Amino acid sequence: MRAVIFILFFYSVYASNIDEYFDKRYRILKSESRTSLGGNVTLNDKEAAVNICLMHYKFKEVDYWFDNPRYFNCSRHYFTYKQYIKTSKVYRIIQDMPKGAALHVHDMGLLGPHYLLNITYQDNLYVCFDNNLHLLFANAPPKSPCDGKWQLMNKARNSSNNITKFDADLRNHFTLFVKNPDTIYPSIRETWRAFMKFFITVQPMLSYRPIWEQYFYDALKRFKEDNIMYLEVRSILPNLYELDGTVYDPLVTAKTYKKVIKNFMKDHRDFLGAKLIYAPPRKVDRVKLEEYLELAKRIKQDMSDTFAGFDLVGQEDLGSPLIEFVPQLLESASELNYFFHAGETDWYGTLTDENLVDAVLLGAKRLGHAYALPKHPQVLNEVIKKDIGLEVNVISNAVLSLVRDIRNHPLSAFLAHGLPVVLSSDDPGVWEADPLSEDFYIAFVAVASRLSDLRLLKQLAINSLKYSALDSISKVDALRKFNYKWNEFIDNFDCSKYQN
Amino acid sequence: MAFVSTTSVLFILFISISGKSIPNSYIENRINLIEREVDMQLGSELVLNDDEKLANEILMHWKQKEIEESFRNPQYFNFSKHYFDYKNDIPKSKVYQIIRGMPKGAVLHVHSSLMLSADRLLNLTYENNLYMCKNEIGDLQFRFSEDIPKWPCHTSWVLLSDLRSLGDATKFDESLKNYFTLFSGSSRGCDKIDINTIWRKFEKISNVISQLIIYRPVTEKFFYEALNEFYNDNIQYIEIRSGLKSLYELNGTVHDKLYMPRLYRDVAERFKRDHPDFVGVKLIVTRHRLKTDEEIRKTINLARQVKQEMPSFLAGFDLVGQEDLGRSLSDILPLLNEAKNDLKYYFHGGETNWYGTSTDENLFDAVLLGSKRIGHAYGLIKHPSLLMAVKQYDIALEVNVVSNAVLGLVHDVRNHPLATYLALGLPVVLSSDDPGVWGADPLSHDFYITFMGVASKRADLRLLKQLAINSIKYSTLDIKNKEALYSVFHTKWDVFIKQVLTLSTNL
Ligand SMILES: [Zn+2]
Ligand SMILES: [Zn+2]
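These protein sequences, in sequence, are chains Y and H.
Here full-length UniProt numbering is used: position 309 in the first sequence is 309, and no number is missing along the way.
Here full-length UniProt numbering is used: position 93 in the second sequence is 93, and no number is missing along the way.
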């Protein structure tokens, strides 16, 4: 990739004396560090001071793990160590740091079980238990199929002998978290089943219109609290409904987005906003896809400022590959921006894997995951040439069974090669992660080089705005506001705050 | 190219069922991009003859079938599990059976004391005059001796044959075997322990075995047996890594350290005479990387002597032991820099997951010190400058997939960086490191897992053949012997192809 520079360095590889040797070695290492993401960022004096504090704590953590690998959590399942993250000083610094934007999140996975459980305390929620949990808001017992009996949630809860247990059981439906992940999720099949079941369970509850509005407002709030200033949210655009059974078409859902975003920004002036990526399920036929594309275009027409583009979702291995839809997607490419999930797979040389090829050829602005990219050097070249942002979601890939020891995540190679990476969190609520801080933390201490520092973190934050779907004027404004926040973070930084 | 034609078929299919068609320009771009990628892959330069093409169809029939079954039922997909949990399923695979019969050229990265399977090692404990005891921490100590050994030991020395005859010999042998292997039937206790603990177990086994095999008559038997196991796995040439140990005789006589390479050379010669289609063995002298400068200097000097006395037997020098815990190359640099004109280097480098640490930086020093090949190079993918350098200077990467899985670097082998090395067409050779310790085939398991679990689903016979050819190409043999090895290999290859052609695809 940066072939020329490196070959120059290695030319006449073999040094004649030790000084020359170490000089050469130093220059090669230096040039590699410059190639890596963030390698070109220059820190001012104040930033350099913050960096010293940050790296002091990072080295302490990483070197302790290096010496005592039995305490290195990130080679295990995320669920077995997530509780320890909160005690890390590096994590707390990252939490306080402005992180720019989250560009790859799915609306129904934004908030965790705590929030979802609270919704079940709302009036007019009906519940029915069979093999699954069914939830629906209505002003009379619903008619939708269920093998059990529909009853009001409040009644069911109060008639249970043990409300704490009742709520704990309920909560289990709102999360993938378990104490023994290796037993419960032995393979990708079990993980994705549980993952899909989560959405099937929560969608009917969340798509009650007033709840949806509140949910999304609160989600924005939660992200803002994690020091995120802008979001691009993927949505399947579920049909919202009212208590009396009125069901709206997806266009209403899109409009609700616009309304909530507007309200939220009115209440939070320093928030940059959010945009919508329409991302319906990929396991469909061409007729259905045509409907999707028509709807996407209508939304774009109605609300071009809120609409970012189009994507397809669902487990890539099981859904239709992009090639199936190429004629249609190509036709709409001039009207719609694409942000395809692609290469979220370990299967090398399969049709899933080839989605990377088509995503790039279809002109995707960014790629979701691109996990398989290191196995495709030519696609990788296109990514560099066309400057296509890679939306990497480290925790998601670990939880959804692509990788176990996070140090084997391809992100480390992406960072080393200085590829246009943005970090995101996919569905943080589903695995009870922070909106973004934990993904940043794990990427920083376990995936990136031990030597990567504040420059990497800053570049990742900047990238999240640079590769956003904001128009160029808004982008300049966004970067200006980010810099303001960043400087505020640097100016107010107090290393002693993290001491204990 | 098989790949392109499949893709084209796919397109025709789509075009015919769809009202809308894919524009030609898109198809061209797509084929072009994929072809450029295929052209880069290891093995893509090979052109198969007609027989090979037919054999390839049979091979790929079974490969696609196995992979598609796993793709549909990932819960049964073995390679995302621990090697110990699926090792016993491997022989059932048709693809494995084909690979087992395939001539594989050379094994270039194997530690001689850990080549032999636990069963064969167990046989060696039936030799007469073997005494045994346990030290303070319960480790086995072995000593061949006419009388009770005088060495102090925590427990008393007893004749192993006496112990065995005391009770149930089968049970005794089973428990003895556990000291020779990490494999205990499943991954229980293995897949969740940390890398240092695995390595401690590993080094313990290594110590027990080396005590058994430094008795001169056993050394001879051991090494001959080991060569035989490798030969039977269709390997034609081996470069072993070994420390220089002092062998001893029953009467207590201790040989000097040059005796061992001489003996290895002589056993290899004898094996060659007995098996004319085996090309030979070379030695890479090793020292543990935890040793002091002085100790390492001693071994380097010994290696120089071996080179002088048996120039055609000595390949070069390397440092061994867990990289994370050992000294880094840059720490020993003056010494290594000084000896680099006398000895060729074959350094272990980057056998680690720790990115940006001193272990990881061993890769830079391996390249800068002019290493002819690099052992493992697991961390290479995180170093763009080094990826360029190994390509530019044609430095072979000795990849040991099963070893990396067992020794805790990677869980699902589909995440092994080898996939990328193959995609980039880097100079890869496959090897097996210490197959005896984890009960693997000398090389077939590593080939099979690479072919099915790491390489592209579409990678075919050309990859396998190229890997075998690479093992010859990147060996240390001189031109004449390389030619001899190529010719043995090609003869065997043709026979192998004929054999594959007798297999049916509808068994
Ligand atoms: Zn996603
Ligand atoms: Zn080794």
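Because the hints were derived from the structure by calculation, they are not lab data.
As the structure is a computational prediction, the values presented were derived from the model and not from experiment.
Some clues are possibly wrong.
Some chain Y residues flagged as far from chain H (calculated, every beta-carbon gap over 12 Å) [to be verified]:
1. Asn17
2. Lys149
3. Lys300
4. Glu335
5. Leu373
6. Ala448
7. Asn487
8. Phe493
Covered by chain H, according to a simulated footprint, are these stretches of chain Y (three or more residues, beta-carbon under 8 Å) [claimed, not checked]:
9. 119-133
10. 187-200
11. 211-217
12. 313-327
13. 413-420
Cβ atoms here follow ideal geometry from the backbone N, Cα and C, with glycine treated the same way.
Taking the hints in turn, this is what the structure says about them:
1. Asn17: Non-interface label fails for Y:Asn17: nearest chain H Cβ at 8 Å, not farther than 12 Å.
2. Lys149: holds (34 Å)
3. Lys300: holds (21 Å)
4. Glu335: Nearest chain H Cβ is 16 Å from Y:Glu335, so the label holds.
5. Leu373: Nearest chain H Cβ is 9 Å from Y:Leu373, so the label is violated.
6. Ala448: violated (7 Å)
7. Asn487: Check passes; 28 Å lies beyond 12 Å.
8. Phe493: holds (24 Å)
9. 119-133: With 0 residues in contact (Cβ-Cβ under 8 Å with chain H), the coverage given for the region 119-133 of chain Y is violated.
10. 187-200: It holds, with 4 qualifying residues against the three required.
11. 211-217: Violated - the region 211-217 of chain Y has 0 residues with a Cβ nearer than 8 Å to chain H, which falls short of three.
12. 313-327: That given contact holds, which follows from 5 residues of the region 313-327 of chain Y lying within Cβ reach (below 8 Å) of chain H.
13. 413-420: holds (count 3)
Consistency with the previously given hints fails for numbers 1, 5, 6, 9, 11, ordered from lowest to highest.
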